[in-house]
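Peer 1: Using numbering that gives the first Met the number 0, the letters of the sequence shown correspond one by one to residues 0 to 134.
If you are wondering where the hints come from, they were derived from the structure by calculation, not from laboratory data.
Please read all numbers here as calculations on a predicted model, not as lab measurements.
Every residue, glycine too, gets a C-beta built ideally from N, C-alpha and C.
Careful: at least some of the hints might be erroneous.
Stated by the list, open to error - Below, a list of computed lysine-lysine pairs in the BS3-like style, where the Cα atoms sit at most 25 Å apart:
hint, residue 1, residue 2
1, LYS29, LYS54
2, LYS11, LYS47
3, LYS128, LYS95
4, LYS134, LYS54
5, LYS47, LYS94
6, LYS46, LYS93
7, LYS29, LYS95
8, LYS47, LYS134
9, LYS47, LYS29
10, LYS93, LYS128
11, LYS11, LYS128
12, LYS128, LYS62
13, LYS95, LYS46
14, LYS93, LYS35
15, LYS94, LYS33
16, LYS54, LYS11
17, LYS54, LYS116
18, LYS29, LYS46
19, LYS46, LYS128
20, LYS116, LYS29
To be verified - Pair by pair, the computed Cβ-Cβ distance ranges are:
hint, residue 1, residue 2, range
21, MET1, LYS128, 31 to 39 Å
22, ARG22, VAL105, 16 to 24 Å
23, SER103, ARG79, 28 to 36 Å
24, GLN112, PRO45, 14 to 22 Å
25, GLY31, LYS93, 17 to 25 Å
26, GLY66, ALA30, 24 to 32 Å
27, TRP51, SER25, 21 to 29 Å
28, ARG79, PHE13, 29 to 37 Å
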Amino acid sequence: MMIFIAERVSNKDFIQLERDVRRIVSALEKAGHKSKCTFIDYADNPKKFDGWNEKDYLDHALKFLDGSDAILLFVNSENRSEGLLMEAGYSIAKKKRIILAINSRVRNTYLNQIAEKTIRFDSVDNLCKELEALK
0 MMIFIAERVS NKDFIQLERD VRRIVSALEK AGHKSKCTFI DYADNPKKFD
50 GWNEKDYLDH ALKFLDGSDA ILLFVNSENR SEGLLMEAGY SIAKKKRIIL
100 AINSRVRNTY LNQIAEKTIR FDSVDNLCKE LEALK
């Protein structure tokens, strides 16, 4: 299955976020899945994004989503992400499978109500173990 990974990028520690998302990508690969992620695309090809604004990033993400079977919403804090919420809404409209990976400390969200599968985690290590078994 091709899985688009959506995460909150704004005001995050980019180095830690990249580490976490690359571990998620690896866990999905161990389960036999492929993935796409705008943040990793940016980390690997920063010059490609020179001069882009938020709408350009969103359009790029939606193209990735169009080529995906599912979306993995990686929610690690209570802070909202407009991009992640738009990607989730787009996924609903396109009838994509929605998988929510949410930190167990996060309580103020309705995303679990739109997800086909919810994975609650205490650490990225725990999340990756769960993702390695994802069908």
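Peer 1: Would you mind marking each hint as holding or not holding in the structure?
Peer 2: These are the hints, each one checked on the structure:
1. The straight-line distance between the Cα atoms of LYS29 and LYS54 is roughly 33 Å, outside the 25 Å bound, and the hint therefore fails.
2. A hinted pair counts as satisfied when its Cα atoms are at most 25 Å apart, and LYS11 with LYS47 qualifies at roughly 21 Å.
3. For the hint linking LYS128 to LYS95, the alpha-carbon distance of about 23 Å falls within 25 Å, and the restraint holds.
4. Distance hint between LYS134 and LYS54 is unfulfilled; the C-alpha atoms sit about 32 Å from each other, more than 25 Å.
5. Proposed proximity of LYS47 and LYS94 is contradicted: the alpha carbons are some 30 Å apart, above 25 Å.
6. Among the hinted pairs, LYS46 with LYS93 is inconsistent with the structure: their alpha-carbon atoms are about 30 Å apart, more than 25 Å.
7. In summary, the hint linking LYS29 to LYS95 is supported, as the alpha carbons are separated by about 22 Å, within the 25 Å threshold.
8. Straight-line distance between C-alpha atoms of LYS47 and LYS134 comes to about 33 Å, which puts the hinted pair past the 25 Å bound.
9. Between the alpha carbons of LYS47 and LYS29 the distance comes to roughly 29 Å, so the proposed pair goes past 25 Å and is violated.
10. With a CA separation close to 28 Å, the supplied pair LYS93 and LYS128 exceeds the 25 Å bound.
11. For the hint pairing LYS11 with LYS128, the CA-to-CA distance comes to about 23 Å; that is within 25 Å, so the pair holds.
12. Restraint check for LYS128 and LYS62: not satisfied, since their Cα atoms lie roughly 29 Å apart, outside the 25 Å limit.
13. A threshold of 25 Å between alpha carbons decides the hint, and for LYS95 with LYS46 the separation of about 30 Å lies outside it, so the pair is violated.
14. Restraint check for LYS93 and LYS35: satisfied, since their Cα atoms lie roughly 17 Å apart, inside the 25 Å limit.
15. Only pairs whose Cα atoms come within 25 Å are accepted, and LYS94 paired with LYS33 is accepted, the gap being roughly 19 Å.
16. With a C-alpha separation of about 19 Å, the suggested pair LYS54 and LYS11 falls inside the 25 Å cut-off, and the hint holds.
17. With a C-alpha separation of about 29 Å, the suggested pairing of LYS54 with LYS116 is violated against the 25 Å cut-off.
18. Of the supplied pair hints, the one linking LYS29 and LYS46 is violated, its CA atoms being roughly 30 Å apart against a limit of 25 Å.
19. Distance hint between LYS46 and LYS128 is unfulfilled; the C-alpha atoms sit about 33 Å from each other, more than 25 Å.
20. Pair hint LYS116 plus LYS29 holds up; C-alpha atoms about 19 Å apart against a cutoff of 25 Å.
21. Here the CB-CB span from MET1 to LYS128 is close to 22 Å, at odds with the stated 31 to 39 Å.
22. Taking 16 to 24 Å as the suggested C-beta distance range, the pair ARG22 and VAL105 conforms, at roughly 19 Å.
23. For the pair SER103 and ARG79, the beta carbons lie near 18 Å from each other, so the given range of 28 to 36 Å is not met.
24. As the Cβ distance of GLN112 to PRO45 is approximately 36 Å, the hint placing it in 14 to 22 Å is violated.
25. Against the hinted window of 17 to 25 Å, the Cβ-Cβ separation of GLY31 and LYS93 comes to about 23 Å, which satisfies the hint.
26. Look at GLY66 against ALA30: about 19 Å separates their beta carbons, and that is not inside 24 to 32 Å.
27. Taking 21 to 29 Å as the suggested C-beta distance range, the pair TRP51 and SER25 conforms, at roughly 27 Å.
28. Separation of ARG79 from PHE13 is about 19 Å and departs from the stated range, judged on CB atoms against 29 to 37 Å.
The structure is inconsistent with the numbered hints 1, 4, 5, 6, 8, 9, 10, 12, 13, 17, 18, 19, 21, 23, 24, 26, 28, although it conforms to all the rest.
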